Structure formats: structure tokens, C-alpha cells
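S.K.: In order, the protein sequence lines correspond to chains F and X. Here the first sequence stands for residues 0 to 452, where the numbers follow numbering that gives the first Met the number 0. Here the second sequence stands for residues 0 to 217, where the numbers follow numbering that gives the first Met the number 0.
In short, the hints are calculated from the structure, not lab data. This one's a predicted model, so the numbers in the text were calculated from it and none came from an experiment. Beta carbons are placed, not taken as given, at the ideal position from N, Cα and C, and that holds for glycine. Fair warning: there could be bad hints in the mix.
Computed footprint of chain X on chain F, listed as stretches where at least three residues anywhere in the stretch have a Cβ under 8 Å from a Cβ of chain X [claimed, not checked]:
#1 26-38
#2 241-252
Stretch by stretch, here's where chain F covers chain X in the computed footprint (C-beta under 8 Å, at least three residues) [to be verified]:
#3 3-15
#4 103-115
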Amino acid sequence: MRESLRARLVLWYALVLALVVLLYGGAVVYQSWRTMTAGVDAELAVYAREVGKALTPVEGGRFDLELPSDAAAYFFQREGARPYYVIWSRTGELVDRSDPELHVGLPGNAAKGRRELSVQAAEGATVLVGRDITDLQREQWVLLRDVVLAGVLTLVVAIFGGWFVAGRALAPIKRISKTARAMSGGDLNARIAVESTESELEQVASSLNEAFDRMRLAVEQERRFMADASHELRTPISVLRAETEWALDRERSPQQYKDALAVCRRAAHRMQDIAERLLTLVRAELASDPQERSPLAMRTLVDDVVQWLAPMAQERNVRLSASGDPFTVSGDAEQLREALNNVIANAILYNKPGGSVTISTRLVGDTARIEVVDTGIGIPADSVARVFERFYRVDKARSREVGGSGLGLSIARTIFVAHGGDITCTSEPGVGSAFVISLPVVAAPDPRLTTAN
Amino acid sequence: MRVLVVEDEADLASTLNRALGEAHFAVDVAADGEEAQYLLKEVTYDAVVLDLMVPKRTGWALLQDLRQSGSRTPVLILTARDGVDDRVKALDLGADDYLPKPFAISELVARLRALVRRAGGNPAPVLVVGDITIDRAARLVYRQSVPVELTAREYSILELMVQSRGTLVTRSEICEHIYNESSDVFSNVIDVHIAALRRKLGPSVIHTRRGQGYIVNA
Chain F
0 MRESLRARLV LWYALVLALV VLLYGGAVVY QSWRTMTAGV DAELAVYARE VGKALTPVEG
60 GRFDLELPSD AAAYFFQREG ARPYYVIWSR TGELVDRSDP ELHVGLPGNA AKGRRELSVQ
120 AAEGATVLVG RDITDLQREQ WVLLRDVVLA GVLTLVVAIF GGWFVAGRAL APIKRISKTA
180 RAMSGGDLNA RIAVESTESE LEQVASSLNE AFDRMRLAVE QERRFMADAS HELRTPISVL
240 RAETEWALDR ERSPQQYKDA LAVCRRAAHR MQDIAERLLT LVRAELASDP QERSPLAMRT
300 LVDDVVQWLA PMAQERNVRL SASGDPFTVS GDAEQLREAL NNVIANAILY NKPGGSVTIS
360 TRLVGDTARI EVVDTGIGIP ADSVARVFER FYRVDKARSR EVGGSGLGLS IARTIFVAHG
420 GDITCTSEPG VGSAFVISLP VVAAPDPRLT TAN
Chain X
0 MRVLVVEDEA DLASTLNRAL GEAHFAVDVA ADGEEAQYLL KEVTYDAVVL DLMVPKRTGW
60 ALLQDLRQSG SRTPVLILTA RDGVDDRVKA LDLGADDYLP KPFAISELVA RLRALVRRAG
120 GNPAPVLVVG DITIDRAARL VYRQSVPVEL TAREYSILEL MVQSRGTLVT RSEICEHIYN
180 ESSDVFSNVI DVHIAALRRK LGPSVIHTRR GQGYIVNA
């Protein structure tokens with residue numbers, strides 16, 4: 000592909016150059032020929048006139064010719080141009096000629112290598128003057144040859160130079176395609192060697208390298224996610240396998256079979272939970288289509304979730320309250336509800352009996368801020384940054400106790416980020432945690448969309 | 000053979016407890032790292048089954064402490080982490096074996112038996128003492144090629160005694176290896192088992208050092 004591009008570039012370039020050389024060379028040669036013939040014609044015209052003037056008719060249809068000395072010298076030079084004249088009478092009779100041995104045809108029939116000019120003189124006589132122009136023609140041929148040689152030389156140099164320059168300029172493409180092949184072959188660490196940042200192609204190479212970096216990062220994240228997900232599924236699968244193997248090892252009592260089945264059911268529930276949450280996470284990542292979004296009243300959404308979670312809070316003796324400004328965001332109601340649900344449920348689950356979860360919605364500039372503050376067990380400093388990672392659990396035992404999958408906050412974050420927002424966390428162990436959600440507000444609060452809570 | 004299972008997944012721990020018990024191991028279960036550390040300090044186990052991702056103290060830390068304290072107890076890592084890096088790290092920290100989850104119980108049992116045999120200094124599955132042959136894979140005992148019927152406890156005591164051939168084994172040591180934490184036994188129970196073994200195998204195999212314990216001569 001590169002070779003053909005290179006050849007095509009050089010071919011086009013050579014064609015254009017050849018045309019230029021041809022036109023220019025042609026013009027030079029043509030102009031030179033024109034100048035030469037015009038000079039000769041002017042010279043001949045002068046002498047033809049002189050001969051005409053020197054021709055005087057005498058009686059009996061005869062003529063007398065008395066050439067001035069310069070004209071005589073002109074016509075009788077025997078080297079080089081060897082000019083000549085021929086005079087005919089009105090009747091076509093030959094009157095005089097400068098060179099009796101020279102064969103000359105009638106006017107308009109100049110022999111090859113000669114140029115002739117005829118004028119009418121007194122008494123209807125015709126004067127023809129001519130000269131040999133072989134030398135001048137030879138000069139023109141030499142000029143033509145020189146022009147052609149120079150043109151061909153220019154073309155050859157230009158083609159080779161062009162081929163070389165095009166090859167150098169296109170060299171990065173070869174490196175780029177080689178690297179791209181290596182990448183598609185699975186070598187995610189392959190990078191294009193960038194020699195300088197001056198040429199456009201090197202800039203393309205730099206941009207591609209950056210794209211490759213992002214691609215590798217994405218693939219690595221995907222791999223880690225797959226590893227985490229399979230790791231997460233391994234535990235319930237181990238339970239299933241070990242328990243069934245134990246139960247089938249020998250004859251068991253009905254109670255033992257029942258217990259074994261109960262263990263299997265728990266493992267199945269856990270796998271189902273993991274699978275569902277993984278699906279939610281993937282959906283949250285895929286659904287970044289702004290077309291599917293509609294204006295949502297944030298307070299209504301928050302109140303919905305609070306109402307939904309109220310029984311859970313009551314069961315754990317946690318006070319749940321929401322307050323704040325109404326405002327409208329653009330989003331997928333289902334997803335935002337899920338995200339809010341995960342954050343608030345988290346605050347309830349990792350709380351203390353008698354504790355509280357306070358949700359407040361505020362408008363800061365054109366950003367909606369939703370704060371979820373709990374009086375829970377808190378998160379150790381080294382874990383705060385990691386709570387949004389997939390499958391990360393601060394306390395594995397506690398997480399299992401409350402049925403956490405390690406995905407809730409990760410799902411929430413994915414959804415908020417997909418909506419152009421974010422979620423951050425600050426925490427003090429033993430005192431509680433605060434999750435701050437920010438979402439862009441699309442329009443001023445619309446009274447029709449807010450409920451009078 | 001007494002085994003400590005460190006596993007925080009309650010269902011799996013319970014299954015392992017039952018399954019290993021049926022494979023004639025005396026099993027203790029620790030649900031977190033701290034409990035495991037306490038038990039490892041109190042009891043001399045014949046083997047430890049260790050999950051790396053347990054709360055409070057990780058399996059890594061437990062393994063490191065165990066080896067730093069000079070313990071030679073065989074440790075089998077049982078974990079969902081199956082990366083080569085994790086395996087290498089665990090083995091380099093002093094683990095003896097590595098079994099990724101999910102696993103077959105029969106394989107876990109066979110690996111534990113092999114670990115215990117190797118720790119006893121003889122990886123061969125068949126031991127011979129005088130005219131007594133012990134097949135440790137099948138848990139069968141022969142006297143002059145005739146099968147001898149032994150109870151599970153008697154077999155365990157015999158295996159322990161033969162494995163520590165040439166050294167004196169006290170009653171409490173026998174208790175420690177044969178019964179788990181939840182068993183309430185008096186040491187005279189051991190005397191009863193020893194007497195039964197003598198009756199079945201002849202008097203020349205197990206010798207009594209009065210007031211100290213028992214010995215099988217090398």
C-alpha cells in the first residue's frame with residue numbers, strides 16, 4: 000500500500016514536471032526558430048529590395064543590373080550562407096542569376112536547407128533572393144538537443160529525488176502499520192518509534208501511541224475485571240462443588256441432604272446476585288446515550304429511594320431523612336435510582352443501631368450536590384480511595400454479613416460518571432462517612448417536575 | 000491427624016469440617032485470621048488449610064508469622080486467587096502446597112495426607128514395622144499379610160506412633176493429634192486405645208514408658 004502510494008506520488012509529480020519541461024523547452028526552441036527565420040527574412044528582404052532597385056529596364060524587354068558594392072559583396076561570398084539571386088522577366092524568361100551552377104526553382108519552391116524571398120521589380124520582373132540556412136538550422140537542432148537533454152536530466156533527477164523524499168516521508172507509515180499489526184496480534188506494549196515531532200506523520204504516530212496507551216489501559220482494566228468477576232464467582236462455586244461432593248460421597252440422612260441443599264441454595268442466590276450486579280454494571284457502562292435521558296426532578300428521585308429503603312432502615316434502627324433544594328437533572332431515571340439506592344443502602348447497612356443517614360440536595364452553581372452523610376462505622380483512610388473499585392470490600396466479613404457484593408458503589412459511580420457527574424467519599428472511622436454526588440443541572444428548577452414535599 | 004481449616008466462608012468451612020472429619024482428620028475451624036493465630040499458638044497441628052483472603056489477619060500474614068516462629072507444620076493454601084504471582088508468593092512465604100478454588104474434596108484430602116506423610120519424614124504411603132504393614136492411603140493395617148480390624152481412633156494412634164518412630168509420644172500429644180478442640184477426652188481413653196492396639200497387633204509393637212508415654216522402636 001505504501002509502495003503504491005509512493006509510486007503514485009512520484010508518477011504524478013513526474014508527469015506534471017514533464018509537461019512543464021515540454022512546454023517550456025518547446026517555447027524556447029520555437030521562439031529561437033522564429034527569431035532565426037525572421038532575421039534571415041529581414042536580411043533577404045533588404046537585399047531583394049537592393050536588387051530590385053539596381054534593376055533598370057532597357058528597350059527590347061532587357062534589363063540592366065548595376066549592383067551596389069555592398070550587395071555585390073553579399074551575393075558573391077562563397078562561404079557559409081552563399082546568398083544568391085535570380086531574376087525573371089514578366090514573361091518568365093531568366094534575366095540574370097548570381098550563380099549559374101545553382102539550381103533554383105520558381106518562387107515558393109525553395110530547396111531543403113535554403114530560404115528564399117521574392118519581390119516584384121520594375122516592368123513586371125521578379126527578383127528572388129535566397130540563401131543557405133543549413134548552419135542556422137544546425138544551430139537550432141543543437142539547441143533542441145540541449146533543451147531535450149536538460150529536460151530529461153531534470154526529470155530523472157526529479158524522479159529519483161522525489162522517490163527518495165517520498166520514501167523518507169512515508170517511512171513512518173510503515174512503522175505505524177507494523178506496530179498496528181503487532182497490536183492486533185496481541186502485543187499491547189508495541190509502540191511506534193517516533194523520531195521527531197516535526198512531520199505530520201510523526202504527529203500521527205504520537206497520537207496513535209497515545210491511543211494505544213489508552214487501549215492497553217482499557218484492556219488491562221477489562222482483564223482485571225474479568226479476573227475479579229471470576230474470582231468472585233469461585234467462592235460460591237467452591238461451596239456448591241464441595242457440598243455436593245460431600246453429600247454424594249456416601250448415603251446421608253434426609254436431614255443431611257436437606258442441609259446440603261440449603262447450602263447449595265445459598266450459593267446459587269449469591270451467584271445470581273453477582274451475575275445481576277455484573278449485568279447492571281455493564282449496562283451502566285453501555286448506556287451513555289444522551290438520547291435516552293429525560294429531565295428528572297432530583298428530589299422526587301431521592302424521596303422515592305428513601306421511601307423504598309425506609310423498611311430496611313427501620314429494621315436496623317437507623318434514622319433516614321432527606322431534605323434540600325429541588326432541581327432538575329437530565330438522566331436515565333432507572334439508572335439514577337439504582338445508583339442512589341446503592342449509596343443510601345450502603346450508608347444504612349454499614350451503620351450502627353440508633354445511627355442516622357441524612358441526605359441533602361443542594362445547588363452549587365450549575366452543579367447539583369447530593370450529600371449522603373451517615374453515622375456509621377466509617378472507612379479506614381487507606382480504603383477510602385478504593386471503595387469505588389469493583390469488588391473492593393473494606394471489611395469482607397461485614398460485607399458478607401449484610402450481603403454485599405462489592406459492586407454497589409462501583410455501579411453507582413459508573414452511573415454518575417456516565418451522567419457527567421461524579422461521587423466522592425470522605426470518612427472518619429468510628430464517626431461516619433460522607434458521600435458527595437455531583438451531577439450537572441440541565442435547567443432551572445421546573446415547578447411542574449417537583450413534588451410539594 | 001489434626002488439621003486447622005482457616006476459612007471465612009461459613010458454608011465452605013462447615014463442608015470442609017464434615018468432609019475432612021469423615022476422612023479421619025481431627026478438624027478445627029477458624030473463621031478469621033486472629034482466631035487462626037490463637038489456635039496455631041495453642042495447638043500443634045499436623046497440617047493447616049489456609050484461605051489467603053480472611054478477615055482481620057490475612058493468610059499471607061499468618062503464613063509469614065508461622066514460618067518466622069519456626070513452625071514446620073505443613074500449610075496448604077486453598078484460595079480463589081489462582082494467579083501465578085499469588086502461587087509463587089505463597090510458596091515462597093513457606094506454603095507447602097496450593098490448591099485453587101473450586102477444588103475436589105478428594106484431591107484436598109489426598110494432598111493433605113501427602114503433606115502429613117512428608118512432614119513425618121517418609122512420603123511412602125506404606126510403612127512397615129516388624130511384621131506390621133500400614134497402608135496409609137487406604138488406612139488399612141496388616142499383620143503378617145492378614146488384615147487387622149482397627150477403629151478409626153486406633154488407626155490414627157498407630158499411624159502417629161509409627162510416624163514418630165524412635166521418639167517418645169506422650170498421652171497429651173496423642174490427644175492433641177487425634178481429637179479436635181470440641182472433643183472432651185480424658186487421657187485414660189488413650190490407654191484404652193493402646194491396650195486394644197496391643198491386643199490386635201501383638202505386644203512387641205508399642206512399648207510403654209511408665210509415667211511418660213509410649214514409643215515404637217525404630
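S.K.: Please go over all the hints and tell whether each is borne out by the structure.
M.R.: So, going through the hints one by one against the coordinates:
1. 26-38: violated (count 0)
2. 241-252: holds (count 6)
3. 3-15: It holds: at least three residues are needed, and the segment 3-15 of chain X offers 7 whose Cβ sits within less than 8 Å of chain F.
4. 103-115: The restraint on the segment 103-115 of chain X holds, since 3 of its residues have a Cβ under 8 Å from chain F and three suffice.
When the structure is compared with the earlier hints, a violation turns up for hint 1 alone.
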